[in-house]
Amino acid sequence: MALPTDPLSAFLFSRRRLLATTGLGMAAATVGVGLPRSGAYADTPKKGGTLTMARTADVVSFEPVVPTDNMSIWAKLLIFQLLIRTSPGGDNVVPDLASSWDVSDDKRTYTFHLRENAAFSDGTPVTSEDVEFSFQRAIYDKDSWAASLFPKLSMETPDKHTIVFKLQQDWAPFLAAVSVHGACIVPKAYFNKVGVKTFGDKPIGSGPFMLTEWKKGDSCTMQRSPHFWDPNRPYLDTVVLSVIADDNVRMLKVQSGEIDVGTQVPFNQIDKLKHVSGLDVQVATYDRIDWFQWNEKLPVFQDVKIRQAFNYAVDREAIIKAVLFGYGEVPTTFLPKMFLADTENKPYPYDLAKAKQLMAASTMPNGFPVKCKIYAGDTIFNQVAQIVQQMVLPLGIKMSIEQVEQDTLNAQQASADYEMSQGYMTSDIFDPCELVAFAGAGDEGTFAVWTYYNNAKVNTLAKQALGELDESKRKQIYLDMQRQIFEDAPFLWLYWTPAVTAVRDGVHGFAVLPTGNYWLEDVWKS
Amino acid sequence: MLSYILRRLLLMIPVALGITLAVFLLVRLIPGDPARAILGIHATPDLLAAVRARLGLNDSIVVQYLIYLRNLVQGDFGQSYYYGEPIARLVGERAVPTLLLLAYSTVLTLVLAVPAGILAATRRDRAADHVVRIVSTVGVGLPPYWTGFILILLLSVTFKIFPIGGYGNTWGQRMFNLFLPALTISLNVAPLVMRALRSSMTEALGAGFIDTARAKGLSGWAVLLRHALRVAILPAIGVLGLNIGFLVGSTVIVENVFSVPGLGQLMISSINTRDYPTIQMVTLIFGVIVVLIYLATDLLQMLLDPRVRKAQIG
Amino acid sequence: MRNWPRNLKLGVGLLIAWILLAVFGPMLLTGDPTTMDLMHSLHPPSLAFPFGTDNLGRGVFTRVVYGTRLDLQIGLFCVVPVFIIGTTIGIIGGYFGGFFDGLSMRLADVAVAFPFLVAVIAIVAVLGPGLTNMYIAVAVVNWVSYARITRSEILVVKQMDYVQAANILGFGNTRILARHVLPNVITQSLIYASSDVILAVFTGSSLGFLGLGAQPPAAEWGLIIADGYSFVSQAPWISAFPGLAIVALAVSFSLLGDGLADVLRPELGR
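Chains as they are written, first to last, in the working numbering: chain A, 1 to 526; chain B, 527 to 840; chain C, 841 to 1110.
By construction, these hints were calculated from the structure, which means they are not laboratory data.
It is possible that part of the hints are untrue.
Within a straight-line C-alpha distance of at most 30 Å, the following computed DSSO-like cross-link-like pairs (lysine-lysine) qualify [claimed, not checked]:
#1 A:K297 with A:K272
#2 A:K215 with A:K202
#3 A:K274 with B:K686
#4 B:K686 with A:K188
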């Protein structure tokens, strides 16, 4: 498929510097750790300066466990450390607070060794007790959604800098689970002193930056943490995450130099901005997939023929061309294009005849009306919904569009108060187990994103994959499961999209990672 | 003089009460449980109970209104459940850009309207007059969100003189950034003021005291500016005052076009997030701003015109 | 008709042209305003697409022509109900006075305290977006102008000799109102209504622009302008042409209003 960037061969594509693309995902690893590169940018990193980054929305809370919105997640990962974190290549984990770890032969005991000089931004050293406390919250707190990522386990803290996890069952994705953002390490004493609510507003972490000012709805200002474990990093003095929801304004401000990094470049401006001097447009794959979903509590959507007919009737290539200006790919599985995703499969082709045939054989041969809810203010989906509305019309399906504010729509989905709706997901860890539980298995807490799709075979395979320690067998299980889901078509899959960011020249080492976040301790300005 | 101002202020009390009542009833129009509507998806049993208590939902509507008034008087504007902040603080922050934009567009309106009005009046039925009249007829018909679009297209995208939007951190930046938004509004309002000025100026120029001044040997411009304009400006200010509602309404649109973080933008974003207490409060603040400007226009007219002063006091 | 002032002739002519365009324009077009053609997106103006196409390949010309229907409808539905309601309230209040008059005028004081657009937006925010709710919101707020105009006119007319005479002769109130008062007071409202149409179209398209009025994929001028905003530098024609249509419509009605004022109220002068 002709794409502006082929994520497999070039993890990170940019206009003027094609980073050394030696191996799969290695290019980004280079960017990620900020190693000197060849060419004009091979200078040694310079200390100091302020990085202003414009994002589309504000942080909801810095509390580690509860928020599930990406703006909060990506911001909190700047001020907290994880024990280990997802590698820039998106297929493994790398050290963070833990400098190393040992795994027992039976893969039931994981011992993490903490950095001895790690400290929270108020100067208190990070101890294994803080780590244990943080994991207690991530796994057992009533508001934590990450609990299902973990097996039954117990924790031990033999000394201040060691924490041992003893698993009571085989659990293949354990390292990936440990790297989930909900398991950010928080200072136990401070957290207990101020309580969860205050902590969400005035967090303290051991990450490279510390929150110094938060003007809600406007900006978060972070300063370099004086107690970060690495005395040489971060290079930047200050990071400002400012909220500029308007696409045009955000892009014009990055063009004028008022801000250094403009996230979420609108697709229609990518090609134009590539020709603007002083700017670098980074197109990076990240683990995201967009779709329409149906509420299978309604009989009509229990009919697999109708769901498949939708999938055949929609010309995704045309949507990607018209709305995403080519910056997208047709999905071949229900997962984002990530580790263990079934990228070998064939996507649903655009085949109206086949779609009509399926409709004719379905329970609703003459079509039906359906109300489709989309996020208010989402200009991309607004267009996609109108296109899909027209594309399914030949099937007799009369789709009406209703715009609903984002939080409200999420809540309506969760209470099955919809017929058809917009949806998307991004992955927080490199292993697919999180998204399998979220969108594939029907017996988990989210009922396959509240589609109430429930295939016993899929559920069994999902469980099996968690306990399968043999990597190639596990891969095969996930492959079988993905093929089954794809055939069952519980979603109208639309596209995989990249993260597109406009970065000013003079900003070095910035990259969006597969999990969507960014490590700003490696960024420096010249 | 003072007693007149006092009387005007007293007359404002029923209007002020009416405004609060209207805003109070606004949220009661939502079908179903107002507490649930206010909290939306933030509704937990605890919060619902707290909001019900705050609104006094178990009491009669009269008591509820009195509670609402008491909270307002105490400066307790409630809590935005979307921003998680007191609305008083939100509205306070957002009012500054809006008031600045209002003042700015008023000044620009006068800068555009006064010379054009004088020109049209002194060159009545000649080419300049016709041009001014045609331009003003078109000007009234310019929808602000579209004018904003055209100005952005010309002055931001093509010629890159002005920023496409935003507010800025220093006053200098703000004056610069708010120029296009203010111009957008004043292009709409200036023609109305210009027309009023044109007719009042024509009238003034024909009046006896101008001839007297001329006879005294004052030059044409001196007569124009010192005498004719001073009288003629009053109806123009009146027209400006009457259209203040329109002007304020335009700021809502223009703030959204140019991403100015003012009350209008807060209002629209609060609608999108169904943040009813904030919508309520912003609506109330807009009402208060308009009433105060009406009052200010009255007082200004009185100060400028001894005849009006006399008529109203006497 | 020959004695009509130039602006009235022009205004009436343009109004007729708009109505013809709204009624017959869509019939002459082959395209559909909502059908997309993704192969022809963002085409600049050409012979095939006189106003270019938008990002979904819909002809902007077709959409603007269809938009005439919707926006004239907005003008009509915003003005006619409030004209009737407001004038009625004004007549009853002005002619009979008393409690009803006091109440309606106090309500009016409150309604004008809010900027018109703010009040409409606030009500739509509560009722939910869409044109029907917008018409309701406009009616709630805008009757005031007509009531006030009619009332002040009627207070003058009431004192006039012929009305006094009719009263003394014992004619019923209805007859006096219908025969003598109404025709005299209605002119000012008519003049106001013609400029009010502009405000209505502005309001309707502003709400469409803000996402609170007509909903996509409807061909409404404000909505088309909003669609084009993301493409300000790539495809300015999407927003430019519907805007021109609004300006042209506004100018037509403002000529009509000025012309009506000249004819019906010659004493006002120019």
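To see whether the hints hold, each was checked on the structure:
Among the hinted pairs, A:K297 with A:K272 is inconsistent with the structure: their alpha-carbon atoms are about 45 Å apart, more than 30 Å. Restraint check for A:K215 and A:K202: satisfied, since their Cα atoms lie roughly 12 Å apart, inside the 30 Å limit. For a cut-off of 30 Å, the pair hint linking A:K274 to B:K686 stands: about 18 Å separates their Cα positions. With a C-alpha separation of about 52 Å, the suggested pair B:K686 and A:K188 falls outside the 30 Å cut-off, and the hint is violated.
Hint violations for this structure: numbers 1 and 4, all remaining hints satisfied.
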